[in-house]
Structure formats: C-alpha cells, structure tokens
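Top line first, the protein sequences correspond to chains F and Z. Going letter by letter, the first sequence gives residues 1 to 305 in our numbering. Going letter by letter, the second sequence gives residues 1001 to 1305 in our numbering.
Simulated from the structure, these hints should not be mistaken for lab results. Watch out, some of these pointers could steer you wrong.
Heads up, simulated EDC-like pairs for lysine to aspartate or glutamate below, C-alpha to C-alpha not over 16 Å straight-line [to be verified]: (1) Z:K1244 <-> F:D269; (2) Z:K1216 <-> F:D269; (3) Z:K1090 <-> Z:D1053; (4) Z:K1216 <-> F:D57; (5) F:K244 <-> F:D142; (6) Z:K1216 <-> Z:D1204; (7) F:K216 <-> Z:E1115; (8) F:K38 <-> F:D67.
Far from chain F, some chain Z residues (derived; all Cβ distances over 12 Å) [to be verified]: (9) E1032; (10) D1067; (11) R1161; (12) V1184; (13) G1201; (14) D1205; (15) R1263; (16) E1268; (17) A1270; (18) R1284.
Partial list, derived from the structure: chain F residues whose beta carbon lies under 8 Å from chain Z [to be verified]: (19) T58; (20) L183; (21) V187; (22) R279.
All residues carry an ideal CB built from backbone N, CA and C; glycine is no exception.
One-letter residues, chain by chain:
Number of protein chains: 2
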Amino acid sequence: MKEIYGRVALIGLGLIASSMAHAIRRAGLAGEIAGTAKSEDSREIARELGFCDIVTDTLADAVDGADLVVLAVPVGVMGSVAFEIGPHLKPGATLTDVGSVKRAVVEAVAPHVPEGVHFIPGHPLAGTEHSGPRSGFAELFDNRWCILLPDSRTEPAALGRLKELWRGMGADVEEMDVDHHDLVLAVTSHCPHLIAYTMVGVADDIRRVTDSEVVKYSAAGFRDFTRIAASDPTMWRDVFLNNKQATLEILGRFTEELFALQRAIRTEDAELLFDYFTRTRTIRRGIIEAGQDTAAPDFGRGGAR
Amino acid sequence: MKEIYGRVALIGLGLIASSMAHAIRRAGLAGEIAGTAKSEDSREIARELGFCDIVTDTLADAVDGADLVVLAVPVGVMGSVAFEIGPHLKPGATLTDVGSVKRAVVEAVAPHVPEGVHFIPGHPLAGTEHSGPRSGFAELFDNRWCILLPDSRTEPAALGRLKELWRGMGADVEEMDVDHHDLVLAVTSHCPHLIAYTMVGVADDIRRVTDSEVVKYSAAGFRDFTRIAASDPTMWRDVFLNNKQATLEILGRFTEELFALQRAIRTEDAELLFDYFTRTRTIRRGIIEAGQDTAAPDFGRGGAR
C-alpha cells in the first residue's frame, strides 16, 4: 500500500471512473476518493456501491482540496467541465483525463487550467462494452496500456506521480505525442468501431434476412462485431466528432482497400485473396507475441469467462 | 452412448473434422471413425493424436464401407473430392459436407453422387481462428447451430439420422434453403470476415503508425478484428470466390452505409451518429437474449478462457 495522492476527485462515475476507484482502493493509492457525476442516478448508485469515500452533488465540492482530478466524462463535455472546475482547483494539483481522443480534449481543457495546476492528458486503453457506475471493477487496467501525453512544459515530478498511480492500478504506462495518439487510435480503435457499427446496421437492414436469423446465426465474425457495436453511444459519438480528421483519413484508406478486395472477388483473383489473408494472419501472431491477447481459441463464443 | 452410424469417414482432418471425431467419440455415435487428408503431415498428426480409429492414405480406402461420409475440405476442392469418391460410396450411405457456402458446393458435388446415396449438405456454425488436426476439440459444436440443407427429394430417414448425429455432437439443428443460407451467412459471417481482413490490412499499411504500435495499442476493437482475420486463408479465399454474389451484394450495402456514417462525421451530424449507435446496441441485446453469447464483459482481452 503506497499512498500517492491525498485526495483524488473522479469526475464522471462511469465504467472508467468506477474502475479507477476500485483499483485505487485495491492498492491503497489515495487517502480519500471523492466522486461526482452529472446524473443523479449515477451518484445514487455510487453512494449505494460505496466505491468512493464521498460522492458530492457539485463539481466544486468534488475537486475541493483534491491533489488529483480525473476528467472521466464524454469527450464532448470535457471543456465545459474544465471551465466549471478551473477556479476551484488547488494550486499544485494535477488535472488529467481519460478521453479516447486527445487533440480535441487538449484544446477544450487547456484554456481553463489555472497557473500552477499540472494538466497531463491521459488515455487508458481499457474498457468493456458495458457502461455506468455498476460496470466498474478493480482489474480493468491490469496489464493494459495507459498512454500519458505530457508536453515540453510538463513538470517531471507531477508526471512521475501520475505514472506511479497508473502503474499502481495495474497499467503499463507509455508517453505519446497528442496528434500521433489520435492517428494510432483511429487505426486501432476508432475505425474498427465505426466499421463494426456499420456492419451491425447493415445486417439489421437486409429485409430478406430477418433480425431473428441474424441473431440466431450470429457466427463468430458477426458476434464480435455486435460486442464492439454495443459500446456506449454517447462516448463513441464524441470520439468520431472529435477525431474527425484521422478517422476520415483511415476510413478513406479502408474503403480503398475494401474496393480492391471486392474487385478481387468479382474478378475471382484467388491469389490476391489468399496472399492478403495470409498477411493478416501474421499481424495477429504479432499481437499474441506482444502479450495483448492469448492464443487460446475463443470457442466461437466471443469472450465469456 | 448411442451408435448412429457403423462407420463414419472424415475427409479432411482440419479443425472441423478433428472436432467431429472427438465429439463423435465423446458420445459414442459411431462404431468406427476413418479419416484421411491430402496432406501427409496432417495424416501423420492424426495418427499420432489417435482421434480416428483408422487414418487411410487414399480417399477410396477412407470411404470404403462408410455409412456416413463427411466432406470437410476447402469449398474449392469439394467437387474434385466428390468426383474421386463417387464410385466408392456404399449404396444407402449418406454424404454430407461442412462447407461455409452451399450453392457452390451443391453444384460441385451433386453431379458425382451415385444413385442410392443420400447427399445432404450441411454447415456447422462453429469454429475458432485455429486450423489443422491439432486444433480440434470435442466441445466445438456444443450449443452451436448446425444448418442442414435437404431438398424435396431428401429421404426423411437419412435426414433424421444425420440430425441425430449433429445433436449427439452437441449442436442444435436447423433446416434452411440453399440460397437463403448463402445470403444469411454473407451477412453474419462472410462480410464481417472480409471487413476484418481489410481493416487489419489497412493498419499494416499506414506508414506513420508502426506495426509495433498497432500491435501494442491494439485496444478492444482492433484485437477482435485480428482474431477474425487470423482464420484459415484457404478456407476464406474459397468462401468469397464461392459466395460471390451474396458477398458483393452485402458489401455494396455496407459501403453505402459506411459512406453515410462517414458523411455524418464530416458534417458533424451528432444526432445521426448517436441514433445509429443506439440502434446497434439493441441488436446486441437480442443476441445475448438468444443465448448465442453471454453478457459477461470480456475485459478487453478478447475471449481468453
């Protein structure tokens, strides 16, 4: 047990914030955890579950005296929350966030950060398709990456403490440049999500195939898509609106590539298809070797434990 | 233990055939299991693992005296295998297959089926991203669907026995029309696979994002794609070449829909995105209720057990 911050304030009480609370407690990383959320329901549930020491009704009360403030709200409201809490932040405190896009968050939040407060954007690469205060659990960040995005003016001591907190919650920490982050995530997360959403939408739309058939014969491929496409709609809407440029760039590449494969099917270019599918298999092996997944077959059941 | 067939011959010794052997043994559904494969390596491994009672070097020896013959080879070679075994099939025997597309298999196989042999196409909706004789396991078909595709001339008794076999291996059996099968599977399996292959290929191709970054920051979305895209290249090449029409139709719908979402991102149509993502969430709930998946979060680790 090693206390890194006296008081931590979690703004937003969804999957990430509630998991942070559980993980902070598991390792005794904070003296006290305060939390708040816009929704009265979420605050009530958080009080009932007791993963925060105190759940406040206002943002000002939550951040009062906090050594670390974590913005765990949809990307689209980060700016307005920062505007509201700015005047109440303790000098010397660290302000971070957990948003899935970073350039837009930096632009929305940075103007409201007072002198003497350390703003260090962050993004834990962890999640499930569930959301809300009941969905959190202490193990969410174990062996997952947390990307921190300091700049040249970031104070090393403040950065070091925040790294220690994430490591204490089980994560591996990496630093990255803000714009590069948004491109990497467009490739590895944002576009795959949009594509999964699209395919699930198409399936629902084919009138000759009934919804119940789609559901019933949801073999491996499609079922994994629906899992992805079940993620929080507000969060994902904000991701796409706020990582517009990189998402559109990667989608352009994707459709170009998809058209090439479509053409290979139409022209029955067996060799192109075989070579392509062989190449993608290699990438999968790299992921297993990097320890981000296991080689265990999923039995066509998509991840139940 | 209820023996349904005296001798079963498995042609091809990959994931599906080896799993069938394990599942048939588990429930004692056959007096004897014979198997063969084109690759000498696969035959050697099958002998070593011992999941067949006899592994033969030739197709003729494998099907000799068999009451049930199962074609578990890539869709592209079903016709030539049927041509070769046709003269050796026992009168009254049942011939089935496990191919992922059905119209092309029926067209390739039916002409070689002698009078008095019951040809009943089949498709078990089960699999993992692994392939080969070492990848099989007895539980693969448990609670999965197996679609059988009889026509008006199929003998009810022969169909009944084949259904019993699949149920004995743990599967739930449904009947479907051949062309409708190919459309349903294009939606639920073939197109999702092609899309996953494409996205994995794009990721590999973005030069500003290194392969190691893609691998390292392979958050939920992309990792699920790589799992899908790691499936057997030969099998999938044949699927697309042999379910060309339905695949291209669904891909056309998919790109149309993707362009609409792309446009919504470009024009920042927040409402359209939110509504779309909310609708896809509902479909996911349907799949959980239909029992084809569980609501358990996958912890962002994509299905390790």
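Problem set entry | Restraint satisfaction for L183 (chain F) [CB to CB of chain Z, less than 8 Å] | For L183 (chain F), the interface hint holds, since the closest Cβ of chain Z sits about 6 Å away, which is under 8 Å.
Problem set entry | Interface exclusion of D1205 (chain Z) relative to chain F, criterion Cβ beyond 12 Å | Incorrect as stated: the minimum Cβ-Cβ distance to chain F is 7 Å, not above 12 Å.
Exercise. Keeping to a limit of 16 Å between CA atoms, is the pair of K1216 (chain Z) and D269 (chain F) held or broken?
Worked result: With a Cα-Cα distance of about 33 Å, the restraint between K1216 (chain Z) and D269 (chain F) is violated, given a limit of 16 Å.
Exercise. Going straight from one Cα to the other, do K244 (chain F) and D142 (chain F) come out at no more than 16 Å?
Worked result: 30 Å, violated
Problem set entry | Status of R1284 (chain Z), Cβ more than 12 Å from any chain F Cβ | Not fine: 4 Å to the nearest Cβ puts R1284 (chain Z) too close to chain F.
For this session: Have a go at the T58 (chain F) hint: is there a Cβ in chain Z nearer than 8 Å to its own Cβ?
Result: At 27 Å from the nearest chain Z Cβ, T58 (chain F) fails the 8 Å test, so the hint is violated.
Exercise. Are all beta-carbon distances from G1201 (chain Z) to chain F longer than 12 Å?
Worked result: Given a closest Cβ separation of 6 Å, the condition is violated.
Exercise. With d taken as the least Cβ-Cβ distance between R1263 (chain Z) and chain F, does d exceed 12 Å?
Worked result: 10 Å, violated
For this session: Decide if the proposed pair is consistent with the structure: K38 (chain F) and D67 (chain F), CA atoms, cutoff 16 Å inclusive.
Result: Violated, at roughly 21 Å.
Exercise. Would V1184 (chain Z) pass as off the interface with chain F, using Cβ distances and a cut of 12 Å?
Worked result: Violated, because the least Cβ-Cβ distance between V1184 (chain Z) and chain F comes to about 5 Å, which does not exceed 12 Å.
Exercise. A1270 (chain Z) clear of chain F by more than 12 Å, beta carbon to beta carbon?
Worked result: Contrary to the label, A1270 (chain Z) does not stay out of reach of chain F, its closest Cβ about 6 Å off (not over 12 Å).
For this session: Quickly compare the C-alpha distance for K216 (chain F) and E1115 (chain Z) to 16 Å and report which way the hint goes.
Result: Given pair K216 (chain F), E1115 (chain Z) is violated - Cα atoms ~35 Å apart, limit 16 Å.
The structure is inconsistent with the numbered hints 2, 3, 4, 5, 7, 8, 12, 13, 14, 15, 16, 17, 18 and 19, although it conforms to all the rest.
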